[in-house]
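Given these sequences and hints, build the entire structure.
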Amino acid sequence: MVQDKTISSRIFDIVNYTLLSIIGLVTILPFLHVIAGSFTTVTELAQKQFVLVPTVWSLDAYKYVFSTNTVFRSLGVSVGVTFLGTLFSMLLTCLMAYGLSRRDLDGRNFIMFMVLFTMLFSGGMIPTFLVVKEMGLIDTYAALIVPTAINAFNLIIMRNFFQNLPEGLEESAKIDGAGDWGILFRIVIPLSMPAIATISLFYAVTYWNTYMSAILYLNDAAKWPVQVILRQIVILASGLAADTSGMDEFVRPPEQTVKMAVIVIATLPILCVYPFLQKHFAKGALLGSIKG
Amino acid sequence: MLQSPAGFGAERKSEIMSETAVKTGMRKDAPTIPESGRMRRIVKNRAIYLMILPGFLYFLIFKYIPMSGLIIAFQDYQAYLGVTGSPWVGLKHFERLFTEPMFFTILGNTLLLFFLNLAFYFPVPIILALMLNEVRREVFKRFIQTLVYIPHFMSWVIIVSISFVMLSMDRGIINELLVMAGFEKINFLMSSDWFRPMYVLQIIWREAGWGTIIYLAAMAAIDPGLYEASRIDGASRFRQMWHITLPSIRSVIVVLLILKIGDVLELGFEHIYLLLNSMNRDVAEIFDTYVYTAGLKQGQFSFSTAVGFFKSLIGLILVMLANWLAKKAGEEGIY
Numbered sequence: 004m005v006q007d008k009t010i011s012s013r014i015f016d017i018v019n020y021t022l023l024s025i026i027g028l029v030t031i032l033p034f035l036h037v038i039a040g041s042f043t044t045v046t047e048l049a050q051k052q053f054v055l056v057p058t059v060w061s062l063d064a065y066k067y068v069f070s071t072n073t074v075f076r077s078l079g080v081s082v083g084v085t086f087l088g089t090l091f092s093m094l095l096t097c098l099m100a101y102g103l104s105r106r107d108l109d110g111r112n113f114i115m116f117m118v119l120f121t122m123l124f125s126g127g128m129i130p131t132f133l134v135v136k137e138m139g140l141i142d143t144y145a146a147l148i149v150p151t152a153i154n155a156f157n158l159i160i161m162r163n164f165f166q167n168l169p170e171g172l173e174e175s176a177k178i179d180g181a182g183d184w185g186i187l188f189r190i191v192i193p194l195s196m197p198a199i200a201t202i203s204l205f206y207a208v209t210y211w212n213t214y215m216s217a218i219l220y221l222n223d224a225a226k227w228p229v230q231v232i233l234r235q236i237v238i239l240a241s242g243l244a245a246d247t248s249g250m251d252e253f254v255r256p257p258e259q260t261v262k263m264a265v266i267v268i269a270t271l272p273i274l275c276v277y278p279f280l281q282k283h284f285a286k287g288a289l290l291g292s293i294k295g
Numbered sequence: 003m004l005q006s007p008a009g010f011g012a013e014r015k016s017e018i019m020s021e022t023a024v025k026t027g028m029r030k031d032a033p034t035i036p037e038s039g040r041m042r043r044i045v046k047n048r049a050i051y052l053m054i055l056p057g058f059l060y061f062l063i064f065k066y067i068p069m070s071g072l073i074i075a076f077q078d079y080q081a082y083l084g085v086t087g088s089p090w091v092g093l094k095h096f097e098r099l100f101t102e103p104m105f106f107t108i109l110g111n112t113l114l115l116f117f118l119n120l121a122f123y124f125p126v127p128i129i130l131a132l133m134l135n136e137v138r139r140e141v142f143k144r145f146i147q148t149l150v151y152i153p154h155f156m157s158w159v160i161i162v163s164i165s166f167v168m169l170s171m172d173r174g175i176i177n178e179l180l181v182m183a184g185f186e187k188i189n190f191l192m193s194s195d196w197f198r199p200m201y202v203l204q205i206i207w208r209e210a211g212w213g214t215i216i217y218l219a220a221m222a223a224i225d226p227g228l229y230e231a232s233r234i235d236g237a238s239r240f241r242q243m244w245h246i247t248l249p250s251i252r253s254v255i256v257v258l259l260i261l262k263i264g265d266v267l268e269l270g271f272e273h274i275y276l277l278l279n280s281m282n283r284d285v286a287e288i289f290d291t292y293v294y295t296a297g298l299k300q301g302q303f304s305f306s307t308a309v310g311f312f313k314s315l316i317g318l319i320l321v322m323l324a325n326w327l328a329k330k331a332g333e334e335g336i337y
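So the protein sequences, as listed, match chains W and Y.
Sequential numbering from 4 applies to the first sequence in our numbering.
Sequential numbering from 3 applies to the second sequence in our numbering.
Take these hints with a grain of salt, some might be off.
[Said to hold, decoys possible] Result set (DSBU-like, lysine-lysine): computed pairs, CA atoms no more than 35 Å apart in a straight line:
#, chain 1, residue 1, chain 2, residue 2
1, Y, Lys-299, Y, Lys-187
2, W, Lys-226, Y, Lys-46
3, W, Lys-177, Y, Lys-46
To be clear, the hints were calculated from the coordinates, so they are not data collected in a lab.
Quick look at the structure:
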């Protein structure tokens, strides 16, 4: 492209770059503030209003957070649910997506319609709750995984990916005597690793962020994932929300630094995988916008 | 796809099959197969059906049984009587819904939040994408994108928690800054007046960056020749943005705008539930939070199911209306 070097163009660039820098900064400033605040002392936070780089470093908040079991246990729950949930979801999604990618399958269109319709209409919260209850899933970890195991959107992305693999591969595998399971696990899945990585990350983030399922299906506070604990400590402890049940272990309102530490703990895993997420998710978001 | 599930697929299928038949030189999979051939094909594909089965059961149990469970909206559901034993009451719960004063509050809240969202959130990703699109230094562009995408991956609990820590009366940074500037502290979190701005700002913070992706992709497809021609004609950068970039992504904007209509009732249950408290309930209560409170907190299963049913039905109609509008506008629909 020809360089445009007029003065007005230069001014445009300066203004644009400045504004974008400000927008970028404003977006992450709250995160930086919370991270910095979590590593300092209560008095430091009280005296210096805006801490980005605290003068006093301290791990007090983290020591306090881990002085009881609550946060530690909830982290264990979240890690377990994220790991098992992602595995379970990927297994179901890949199997179903591969089946639906086979064009010679009778009833394929019916099942696709069935899947798509759930994106437009649902039974809603109460009937779903009753089904989960009938199945005996209330107060089990499975309630965080099974009722949301397949995301229709992810399923369709996977199916489209499988469908776009060259057909000759399957044909030749069949001629070599491979069965349907063999084709899926030895040929289709190894060839689909980019898509599988993307969709796994989609699921993993969703499971890590799981919160509503726990509110709906888990009464037992010992089984709560970290997002629910975060809500208890930061949002309910501010003495605001109408619903103040389950405040067993944090009776007096926690200090700001403690709240910040819990936020950092719940955020950190996402920030760690973020570099991978960004690369894959942008692609995934576009994949999703292409029609099935 | 939804409109002609059979027709479209069958056509494609026979097309592909005849292709394969020609390629492999076999007539075994000829497009017209007699009934016995279909049976044989189903048996041959039994492994494939087995693969689909777990997913199929998932949709059946967790999506379709709840849909059939909507019939409790027409009953006085009692847990010990079950769906089969509970007495039928016709439209009683719907009548109650439309006479309940809360209904109009909820409807008003829903519509107002939707319009605020449309007016204040919707244009932000477009403007941001236009700005990013003008950046010629790839490194800088990618750096800013990396920053503004971050909040999208955070749960609503994290987004709301950070807001709460910063807006708190108890040494929240925003209130501290207000005091420093000589103002009084504001109780943002317990105020009806501040609920709506807070809701919209949190959506902008979390989603505006991520929302640019689809616009940036559309902008990447614009012919660079258009810009060069306009530059020779002496168009300024701003004019290029206005007369080339913006018209080029018009169709994407129209589609996303129309699709938003289908989402009027989907204001984000997780998000609003977190912000909701006794002080702002009059402006923050929406259908989903009302269903949750009436159903799971107060045990009015049938009534709350009726409320949810009403919401889902209106939602379905709106999505179909939106899709029809999109097609009318000459765009591809979502299905």
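Here is what the structure says about each hint:
Pair hint Y:Lys-299 plus Y:Lys-187 holds up; C-alpha atoms about 34 Å apart against a cutoff of 35 Å. A distance of roughly 45 Å separates the Cα atoms of W:Lys-226 and Y:Lys-46; the hinted pair therefore is violated under the 35 Å criterion. This hinted pair checks out: W:Lys-177 and Y:Lys-46 have alpha carbons roughly 13 Å apart, not beyond 35 Å.
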